[in-house]
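Undergrad: If you're matching them up, the sequences are chains A and B in order. So in the numbering used here, the last spot in the first sequence is 633, and the numbers never skip. So in the numbering used here, the last spot in the second sequence is 248, and the numbers never skip.
None of these hints come from the bench; they were simulated from the model. In this text the structure is predicted, and so the values were computed from the model without any measurement. Hints are supplied without guarantee of correctness; some may be wrong.
If you want a taste of the chain A side facing chain B, the calculated C-beta under 10 Å gives, among others [to be verified]:
1) I6
2) L168
3) R169
4) I212
5) E214
6) Q370
7) L385
8) L386
9) L387
10) I407
11) I413
12) P414
13) A417
14) I473
We treat Cβ as the ideally placed atom computed from N, Cα and C, and that holds for glycine.
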Amino acid sequence: MSSDRIVGIDLGTTNSLVAFMQGSDPVVIPGDDGLNLVPSVVALDEHDQIIVGNSARKYLIDTPERSVYSVKRLMGRGLEDIQEELKLFPFHLADDLHPGEVLRIKLGQKTFSPPEISAFILRQLKRNAERFFNAQVTKAVITVPAYFNDAQRQATKDAGRIAGLEVLRLVNEPTAASLAYGLDKKQNGIVAVYDLGGGTFDVSILKLHDGIFEVISTNGDTHLGGDDIDNILIHIALDDIRGDMGMDVSRNGEAVARIRKAVIETKIALSSQATAHLDVELPEGRRYQREITQEHFEKLIQPIIDRTVGPCKQALKDAGLKPEQIDEVVLVGGSTRIPRVRALVEDMFKRTPHTGLNPDEVVALGAAVQANILAGGSEATENMLLLDVTPLSLGIEVAGGVTDKIILRNSTIPASATQHYTTQVDGQVNVAIHVLQGERELAKDCRSLARFDLRGVPPMTAGIPRIEVKFLIDANGILHVSAREQRSGKQAEIEVQPSYGLTDEQVESMILDSFDYAEEDFRQRQVIEARNEADTILAALEKGRQSPAWGQLTSPEKKQIAKLENALVQVRGEDDYAAIRKAIDTLNQATTRLAELMMDSAVSTALTGKTMDEADMGEGPTAPHPVAKAEFK
Amino acid sequence: MHMNDQFDTGMVVLANSGPTSACWSCGEMRAAHFCTSCGKVQPPAPADHFSFFGLPRKLDLDVARLERDFYELSRKLHPDLHGVTDTREQEWSLEQTSKLNDAYRTLKDPIGRTRYLLSLEGVELEEQSKAATEKARSTGQMKQQVVPPDLLEDVFELNMQLEELRVQKKMGEDDPALLEEIGKQKLALEAKQDVLLSELKGYWEEWDSAAEIDDSGRTRVRDKMVDLLNRRNYIRNLVRDVNKVLEM
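So here's chain A without its partners, still in its complex pose (with noise of 0.2 Å):
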């Protein structure tokens, strides 16, 4: 059934993909340009209207401060945690944002939510798939790094409510990608997933057995890639402009987009040539050109690909394993076709990586095949499980400020954990909790993920109610947190504040919002609508013509269902929905004589002896009646 088609979608930093299960193999499906991959970039164009992808990439230097990208790296973060990202990336904030609130984009004169800039590129990837169907899409599995912790997950599921997609499971990056890797040849052994994209690094290690993949370890960096590598290029050309020619463009939207353009094409050449010419236009009629060499370029770069090897030593020890005990390495990410990083990782793994499959698509197309397994299975996908783990430890703070570990990092998903409280205070009735995560001591240095409150605690002597706490991490590596007063057996209740996340009620209003830029989503559905109708009165109409009752109607009638009938052909392939309903109504109305004609001769063959469905007026999606309204759900 198209109707409950899931798709794969690679939610990315620099871009966005989605894949679905063709056949035995995931394909990347492409957007009406073309190509494969939807560049994460937002623009508000002079209309007020959002343009999104390839697109919107010119927005970027004609009119910076109403377009956006890297987004992601904005995901489910606060005012304080991002300011070093407000230094290296020209993101406009409102001007009234309070710590501890969601952050809000400028674009022009409006604001977004980082989860609500995501599901514009989300509703994107939806459309492409709904014109590649031509039916509606609905359901998704959306890939987010490894290392996302609960918040960031959390705005992920956001964005994708926001466009209009129900959310089946969160699946980290590098466990798609290997589930994309690991289609064609199901092996045992163990597989290290190394994974440096455009904002975000993680590295997995897993065990293949029959089918099932599961994560040992896993580590990461979600603040970490190709946009590192861009800044470091940006600022020596920003230095170069200043020191050799007396200007200061970095205060100027405009060229640090020109700049940024230009060195990362640089960067692309360079992973294939020696040396690379850089050269930017600048305002006053100006021009900044130098050339850079390969072995510059890795000088450069070396401490940033460095911070990858913290992340895989730790995954390394807490898989308890040595890197020769490593038996195949995995490339994704556009980052990986650096040759510098290649090296890096075939030092430290002491193997030659694997790069059979496109690093830009595998986590996409893994995407796709475990939107598969979630919808009942394949053939291709038979006995393929995914084990995944928790990348961060969850904790209570306790006395002292200190972190108490509940569950700990890389436990296998879901997870659950529970913890007993008790007041400290004579007829207390409230208790408030606490929730962190992350690896170290002090609360103050975990991240916070939600404070709790649990109320209606039955008032009692300090120290005797027993209030258990039962946590628990999902499938989609998510929190959720029920509790329980057990002396009363009453249900204690908890009030959620996330941390940096959106409210429900938010995401609905949000979601209200979004119709103001879905006019074009409700359009394209009409037109896939009214294609799918046209698609189904054209084969009846085929139908018809082999039928004895073709031979009853007059030749002017014959004539005249030819005319409509090409006419329909013609318009089907245009976007304007009107005249696609027009076409179908007058056809339809040609052909009533024909379609009751037929309806006659199968009866009379019924009466002869044979079933309706021997008569032969149509099969598949086409109802009976052979220009009857089909159905679309």
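Go by the hints and put chain B onto chain A.
TA: For chain B alone, kept in the frame of chain A given last:
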């Protein structure tokens, strides 16, 4: 190695824990966690980690077998395989799988397994340690741990050396001889941990067979295991301290 005879009959473990009842969906008799007839996940029943796997409370268990059962049960219970069923079954799948994962994580690790079994026997190692930590904190003192007597001399020596290294590191000095000496001590401590682990395994057999003997036998083995785990914990903390200074 102790082997439960039932283990060799294949899927027995999956149908093994506690009384079974009729499947909520098809009405056939079912296994503990899922229906052997229609495959539907069943509502979770209270079970400790051992009984979840249909295992007796014994310490010397076949870890390879445990892993196989873990994979087998994952293939039946995991939420990914129940993505398109009714919400009630999805909830049960989530709960059952989290129990499965928690049980497997605890039982596959020799130390974790022993601690867990001791906690089922009413020994709260965790609580003891926490109480000590809290007491130390409230009195504003460093947590005092009882040094195992046979380690007393070594620990004293090591602490002196660590202090010296700490000072040197702060001054930016470098003393290869001292580093080498501390490195040696660290290796010795790690070796000691391994020795304790194999010693613990010796107690496992005693415990598993004592279960059929008498109460005083059980108490004796239990106390030996508690003592050993405390010693091991002490050494582990010591190694952690050494690493902290080395990484300064």
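Undergrad: If a hint holds in the structure, say so; if it does not, say that too.
TA: Status of each hint after checking the structure:
no. : hint : in the structure
1   : I6   : holds, 8 Å
2   : L168 : holds, 6 Å
3   : R169 : holds, 7 Å
4   : I212 : holds, 5 Å
5   : E214 : holds, 8 Å
6   : Q370 : holds, 8 Å
7   : L385 : holds, 6 Å
8   : L386 : holds, 6 Å
9   : L387 : holds, 6 Å
10  : I407 : holds, 9 Å
11  : I413 : holds, 7 Å
12  : P414 : holds, 4 Å
13  : A417 : holds, 8 Å
14  : I473 : holds, 8 Å
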